[in-house]
Amino acid sequence: MKISCKEASSICDKSQYKEASWWDILKLRIHLTYCKVCQAYSKKNSELTSLCDRAGLTMLSEEDKKKMKRDLEEKH
Amino acid sequence: MAKHKLQPDNWVDLYADYLFNYAVSRVSDAEIAKDLVQETFFAGLNSAKNFKGDAAERTWLVSILKRKVIDHYRKINSKKGKAEVRMNYSSDSDTEGDWLEQQVADPYSKDGDNVLENEELGSAIQDCITKLPRKQALVFKLKTIQGMSTEDVCNELDINPSNLWVMIHRARTALMGCLNENWF
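Taken in order, these protein sequences are the chains called A and B.
Residue 29 in the working numbering sits at position 29 of the first sequence; the count goes up by one each step and never skips.
Residue 157 in the working numbering sits at position 157 of the second sequence; the count goes up by one each step and never skips.
Okay, chain A solo, but in the shape it has when bound:
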């Protein structure tokens, strides 16, 4: 049941993308009960996730960018 801090932060990262299994999350929870360092990381990590959500970031697709590059090169 015991996991290292490295494993804990990896599970924490995955859980930001909802890609951690419930079993891993349980192990992470247990680790967090006694590890201050990972508690701090986990808190900041979730905050970063909510900041990114709140900012409503968007990006161009790779195709759009490729097309832009092509068009720019033609004019260049």
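Do not take every clue at face value.
[Claimed, not checked] Restraint ranges, calculated between C-beta atoms of paired labels, are given here:
1. A/T33 / B/G177: 22 to 30 angstroms
2. B/N77 / A/T49: 19 to 27 angstroms
3. B/N50 / A/T49: 16 to 24 angstroms
4. B/D35 / A/S21: 40 to 48 angstroms
5. A/Y17 / B/A48: 37 to 45 angstroms
6. A/T49 / B/E119: 14 to 22 angstroms
7. B/S28 / A/D71: 19 to 27 angstroms
8. A/S4 / B/I76: 53 to 61 angstroms
9. B/D71 / A/T33: 35 to 43 angstroms
10. B/A56 / A/K67: 20 to 28 angstroms
11. B/D35 / A/T33: 26 to 34 angstroms
If you are wondering where the hints come from, they were derived from the structure by calculation, not from laboratory data.
Virtual Cβ for every residue (Gly too), placed ideally from N, Cα, C.
Take the given structure of chain A and dock chain B to it, following the hints.
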């Protein structure tokens, strides 16, 4: 101070997403925003000789984009013709809000502030993302902004899942540090 130089070959990779976000938040339409970014790059190329090197490349491009956004609004306004103000006493409401006084924006609403703050937050995050190594930035954006599955990202970039998570971890740690002072 070292003079800045233009490197148009890198523009799309370095600034397209930043400018796109900027444009989307102002015109609220992805297609139009995309066109404005493209026009900005073209205009940048055309007036490259006027670039004095005082500002950073991105600042300079943003200033061009600002003009493009203003031009865009001018254009759609002239198309619509002179704005015609028609005031209907609330068409859809049943009982409440019939009076004009009840239809003005709620002065205590914090919506406007939120929009502004989120816009600032967006550019702060974009700033920090541009400081990441290129591949880390790409992986982070594909996962976080595009919400792509790990499998798809791995296939597209030809990396394995453990590579991906290492890059995500580094990117997130760097972003936490970068955003730290202002946003946490």
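If you check each hint against the structure, which ones fail? 2, 3, 9, 11
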